[in-house]
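S.K.: Using the hints provided, position chains Y, F, U, G, C, R and X relative to the given structure of chain L.
So the chains spell out like this:
Number of protein chains: 8
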Amino acid sequence: MEDINFAKLDMGRKDRTGFPETVFCQGKADEHLAEIFCRLYERNGEVLGTRATEAQYRVVHEALPAAIYDKTARIIRAGAENKELIGNIAVCTAGTADIPVAEEAALTAEFFGGHVERIYDVGVSGIHRLLSQTERLNAANVIIAIAGMEGALASVIGGLVKVPVIAVPTSVGYGASFGGLSALLTMINSCANGISVVNIDNGYGAAYIASQINRLAVKGKVR
Amino acid sequence: MEDINFAKLDMGRKDRTGFPETVFCQGKADEHLAEIFCRLYERNGEVLGTRATEAQYRVVHEALPAAIYDKTARIIRAGAENKELIGNIAVCTAGTADIPVAEEAALTAEFFGGHVERIYDVGVSGIHRLLSQTERLNAANVIIAIAGMEGALASVIGGLVKVPVIAVPTSVGYGASFGGLSALLTMINSCANGISVVNIDNGYGAAYIASQINRLAVKGKVR
Amino acid sequence: MEDINFAKLDMGRKDRTGFPETVFCQGKADEHLAEIFCRLYERNGEVLGTRATEAQYRVVHEALPAAIYDKTARIIRAGAENKELIGNIAVCTAGTADIPVAEEAALTAEFFGGHVERIYDVGVSGIHRLLSQTERLNAANVIIAIAGMEGALASVIGGLVKVPVIAVPTSVGYGASFGGLSALLTMINSCANGISVVNIDNGYGAAYIASQINRLAVKGKVR
Amino acid sequence: MEDINFAKLDMGRKDRTGFPETVFCQGKADEHLAEIFCRLYERNGEVLGTRATEAQYRVVHEALPAAIYDKTARIIRAGAENKELIGNIAVCTAGTADIPVAEEAALTAEFFGGHVERIYDVGVSGIHRLLSQTERLNAANVIIAIAGMEGALASVIGGLVKVPVIAVPTSVGYGASFGGLSALLTMINSCANGISVVNIDNGYGAAYIASQINRLAVKGKVR
Amino acid sequence: MEDINFAKLDMGRKDRTGFPETVFCQGKADEHLAEIFCRLYERNGEVLGTRATEAQYRVVHEALPAAIYDKTARIIRAGAENKELIGNIAVCTAGTADIPVAEEAALTAEFFGGHVERIYDVGVSGIHRLLSQTERLNAANVIIAIAGMEGALASVIGGLVKVPVIAVPTSVGYGASFGGLSALLTMINSCANGISVVNIDNGYGAAYIASQINRLAVKGKVR
Amino acid sequence: MEDINFAKLDMGRKDRTGFPETVFCQGKADEHLAEIFCRLYERNGEVLGTRATEAQYRVVHEALPAAIYDKTARIIRAGAENKELIGNIAVCTAGTADIPVAEEAALTAEFFGGHVERIYDVGVSGIHRLLSQTERLNAANVIIAIAGMEGALASVIGGLVKVPVIAVPTSVGYGASFGGLSALLTMINSCANGISVVNIDNGYGAAYIASQINRLAVKGKVR
Amino acid sequence: MEDINFAKLDMGRKDRTGFPETVFCQGKADEHLAEIFCRLYERNGEVLGTRATEAQYRVVHEALPAAIYDKTARIIRAGAENKELIGNIAVCTAGTADIPVAEEAALTAEFFGGHVERIYDVGVSGIHRLLSQTERLNAANVIIAIAGMEGALASVIGGLVKVPVIAVPTSVGYGASFGGLSALLTMINSCANGISVVNIDNGYGAAYIASQINRLAVKGKVR
Amino acid sequence: MEDINFAKLDMGRKDRTGFPETVFCQGKADEHLAEIFCRLYERNGEVLGTRATEAQYRVVHEALPAAIYDKTARIIRAGAENKELIGNIAVCTAGTADIPVAEEAALTAEFFGGHVERIYDVGVSGIHRLLSQTERLNAANVIIAIAGMEGALASVIGGLVKVPVIAVPTSVGYGASFGGLSALLTMINSCANGISVVNIDNGYGAAYIASQINRLAVKGKVR
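Chains as they are written, first to last, in this note's numbering: chain L, 1 to 223; chain Y, 224 to 446; chain F, 447 to 669; chain U, 670 to 892; chain G, 893 to 1115; chain C, 1116 to 1338; chain R, 1339 to 1561; chain X, 1562 to 1784.
Hints listed in this document are in silico derivations from the structure and should not be mistaken for laboratory results. Among the hints, a few may not be true.
[To be verified] Below, a list of computed lysine to any residue pairs in the SDA-like style, where the Cα atoms sit at most 20 Å apart:
hint, chain 1, residue 1, chain 2, residue 2
1, C, K1334, X, K1780
2, G, K1113, U, I755
3, C, K1198, C, E1232
4, R, K1352, R, K1421
5, U, K740, U, E723
6, L, K162, R, L1347
7, L, K221, R, K1557
This is chain L alone, in the form it adopts within the complex (with noise of 0.2 Å):
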């Protein structure tokens, strides 16, 4: 544990876990961020940060010119390219506009090593586009279902499949979605086998997740 006086990182992480510490960077002060991303960069050659703005990224972009964004995920990277990726993660959406929290997941879980399949706008009011997916769908080791509005997607995935599904919520939607709320409870009520959730909106949780599933998957427990 380093502690930089405004924060705790857990350097040794990376070594108890296999994953390294990450960077929540929402509601970060500029002057810490730069920090903690170098600190990061420096203890394990590579760092990913979340729900990061473009301004956020300008100010750790100077500090670190190695850090590359994605605007649509709001990822900030450096020093993770060229990853040998193992394993079959299934990332799938309801519609389009999920697609941001859906990279989000993505290029966590490539980040963690992965190898993603992205299966985007194939949501429920329209089965046939899910059902032409099936086997993409079997092929993967877990699978991140990622819907807002009725949140329908992750019963019917879950009805489809032999593996774990992770459920992502989304705040997609308006009227009585309640910001998501709508869509958390359709996928924590699901009335079929093999799912569980994360919070509204969280790719990266499930990514993490979906990530350690999938190791065991291919490299079994490893101590």
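M.R.: Leaving out everything else, chains Y, F, U, G, C, R and X in the frame of chain L:
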């Protein structure tokens, strides 16, 4: 309007709307219930009451021997036998626990003169159960989609058919289903076209509007 | 189904359901929006998009000069002029602030080929405004009832007519209206018969199902 | 103030406010209840208790034989017979299931010396039932409007009269009525003028403020 | 009723209820607002509009130079100067941040012809501020109690006086005040007698019903 | 820590914190309850259990004859007689229905060695009941303020004293009290200084922290 | 799919997913329950039903004498004895009252062929109880973390291990636990990595996905 | 009490409670703010205001040049330099984003004369960060535990120490954190002993009650 002290019965309803007034039994005092059933039966030659307990049925039956009781649907009926049934209303449920609400809808729709197709236990977690019924769904003038838990059935049906879907959330579920609130929100937020929603467990209400639509499809607008 | 990378367009929808696919503009990226409008216009000779900002309109208009914009309804349309309009759909509002949602409904219904009667500012706090419109209400095949605040309009209309009422709660209000939740609950709990409900501010959704019902009333079921 | 150990009785209330202290029976221990009734009866020559069970009545009656019980209103009274009743308070209900709350209000208002007009089962889904009572409504100094389910009654009455309307939401309903929350929100959001709201099922509270207003209308402000 | 296309103005309201129709400015289009103010001013010789922005005032003032604006209350008025004010309405606030709602109430009550006593910053956390005003409170015919945060003011006033209290929850607060919901629940659940509640921040609505009560107290019931 | 299979008892708690481990009886199996009481009594020479039913008491009493039961507080105690009680903890309630929670708090505080002053039925709707107790309130080191319904008691006490107030919302109430949620929100939003809040009906929790504060006031910090 | 009138049984599930169909007993009619158990037992040679009452067990046992019942877990099983159990699934609870949900999870996981480690009563309020189990936690392929009240257990475990954590909120608690909602929100908002959540009290659902993950860890992906 | 028209300042507060009146700046008009600061500074020789914007600071500074501003804590102070600070109040945060609330608490506690230990970024997802601070925690008289997201920090601290813990939920988080509601519920439902809770983001309120407790621990009860 007939004012019988404790209530004001709408005796002109059948002439005015084509459907006679019915009785919402829940919370009505025994002494009132019997009188209301008798008055409406006298006037219309038929009567239907919903949300009736068996004890209420015994009270009504004493006063109106023609009354029969359906325990699953919790409906008391009299004088509605051997109707000619027109059109086609499909009543679908996600699971077996939704059947009581479905039977409330089905018996009500038949009381109002509609032909009913029952399509039960076709929830989205095993999507092929539903897909195998596509032909029957497409034969209907209007579809009632009944589901508890995550309530995703309506969205999937909405994407498969071209006729209106009346969605009924049910209180089937536990935990974060919050007595049907989760299913209600799912249905209200549906991304599919052609779906509107009635109250939780309101099989009667769905059947009423479905009967109006079925009649419009068969007879057109009659003034 | 046409897969244009970021989206899967349902090109067969018009043949299958009679109504062409439309565009939900909210949250779509500019570069995607223009392409989607053009593809659908090419395929169907007409296109409609809802919840469009003026900025989005300018983007679409650049690529598709036939597009026009209705500021109140926030709708972009192209190629839907001079349609023959059938049947009769009444669109009612409780107040003047509900008119944007009403115009979204009315323009959508006209796009889908229905004749629309606009009956605005007839809220229940001055019941005689509504009663004076009884004849126009009774002439409709289906009624769309739009109200914010306490949302009581649908119940009163439901008691006056014999045709289905599609209720649309709006986010008009303040304080305990909770962005339309109050009106939604009022409508879902309506004690009147023949009412079903769509999402808050969902003029489009109400118009879609009303158009299905209007078509059934005029043409009967066509397979 | 009389301190009887487990409670502090407000013996000066009748002199101070014109209305004697009453007893909220719910949740009170049997041994306490009898003593409270006797003390207040001794002091004021009359006493009224609300939300009393029949078992509580038997306990009170044993100690205070003058006590009588109204089962519908769940009210225990003693010594309040043959009062001269002044003014005019209209008590209206939407349905028959709201009558228990209405009778709690009516008996309370009579106990506080007001003349009561009962106007029951005039809910908005059959608006002509209410319109036929316009004259009686307009004769009142103040109106209590009681409704469950969607609770729209208060708004419509508010638009018909020029006197204050005290709205009482009831827990009558099911599903998304959420124990009266829906009706409460409807009434609080009313777009009609001259409406204020008390707690769900609080017939007593509505009667208290209505009695204050009725007294002001008859006697003006008396200090 | 005057139908000016986008709205239906209630021109007979002043004759019918004694109080002229007023304008709820929020959400109204500029072009509509000016016309509504002019029409009502022509008809009634006075007009009042609530929830008006300064920009809206400028639009109205251009068309109706007699209009003046109160920035704190966000009220536009014309032609209501030098009224004889009758009776006594006390307007109380818990804190200084509640003053805008209080001024909306006070100016409205004065517009409707009532004399107003302003008693501000007397919240219950320093109870002696309120107790020192007991005499002024007891001089009123009706009291408007305005409070945000925990909203306890109404209960304490209700215990001190014998006249009706109209409680107004405000959105003043943060965190778990949930935009005034907390204060609303406090007031609705008040254990004090003689309290009823209007919507969050609804100073106008409280003033309307208080004006009705004040008029009853001064003039009795006038038909 | 003693591991007795189904539970892990914290035998060192008394030495570590000064207060022995207690038993939350609700939901515990009978066979477990008796053993837990006996083990803790053996270790500490005293034991206290909260939220115990009479049936649970009989089970415990069989195994531990020293156990006695307080029906109002629903507390089982053994071996805690004749303690010397230090300091001064005031336990106040708004109404008589709050007494069970108050007694849970009072008996717990006495078990932990504090002297308790009971000040019951001093709710804010009759503020003089509370003001007459000002001297007793000011004599306390810490005050527990217990109230249901609108829960305003804590705010008023907070304004009268200079010591900490621990507020306990209770589930006493009906309708929009939502099982104590209303009182909880009131207390959390209190505008008075020196107030913090525990869970609904959590008399035990309030007594625990009050006992810590009372001990600090009498003995200072002891390590 | 076998259609037995009232239900559609998924007979191919075991072949397709490796896990046979199970029975959710809650709300099922007695006559249906026995038949469903028998059919599934015939087909798969084993059967498991969750949320079963003792009365339901007696009905099933009559028809299927091989059935046994676990009262704590409320599970009916037949034919699942002496399985070889693979891998390692840790089932942890915060308190003793969470054990029924834990046993539902543990028995289900064992039915699906997983080895289970039970680690009960290790809630975060006594963190050393949990820390002393770190070695056992780290030996698991996947961890099920079960907690009611504030539900913090999952976050702390998530920070200690490198394998996925499936969090189960329980309805254990009172007051503001709102039937498990509080624990659900805690778990969904966890700041720890590698956590996803199932429905309140859904031990079965957690065991299902944990069994999928455990199988992946032991056998890798098998198609 | 000094009545300055728009407000009633409590000038005797410092004498009465030991702590001078402070200013809640949010929502106060500029012209009022300057006067309030000056009056309080004159009377007490020191003044502190919370939730102040930089713009408000400039207004105050103009009138009161002694005023200084802390941007992180959003606090304006004057005349509180070089106080002797007594006792020991530990202020802990779960993450770095909680620091603004923590600084509001810390500066307030110092203003009221307490010595503060800052222990930041010790959230439960990396429990060893917190455990390494056990000694500092145990040295405090009272602990303020500040956390957003799932808010589990307070429970874990409560299990580690023997002094009171004042828990502050923060609005840090996203999705289902619902602006701090999730953390609030977690803390209110804490299964640890010795925890009570203040409003979301209410660093000031936590510091006030902690200062009372700290003073009791150092000086005992002073009347």
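S.K.: Each hint needs a verdict: does it hold in this structure or not?
M.R.: Status of each hint after checking the structure:
1. Taking the CA atoms of K1334/C and K1780/X, the gap is about 10 Å. The hint holds against a cut of 20 Å.
2. Taking the CA atoms of K1113/G and I755/U, the gap is near 13 Å; set against the 20 Å cutoff, the hint holds.
3. Proximity of K1198/C to E1232/C is assessed by CA-CA distance (about 16 Å); at most 20 Å being required, the pair is judged to hold.
4. Taking the CA atoms of K1352/R and K1421/R, the gap is near 16 Å; set against the 20 Å cutoff, the hint holds.
5. Annotation: proposed proximity of K740/U to E723/U holds, straight-line Cα distance about 7 Å (limit 20 Å).
6. Proximity of K162/L to L1347/R is assessed by CA-CA distance (about 18 Å); at most 20 Å being required, the pair is judged to hold.
7. Distance restraint check for K221/L and K1557/R: the Cα-Cα separation of roughly 11 Å lies within the 20 Å cut-off, and the hinted pair is therefore satisfied.
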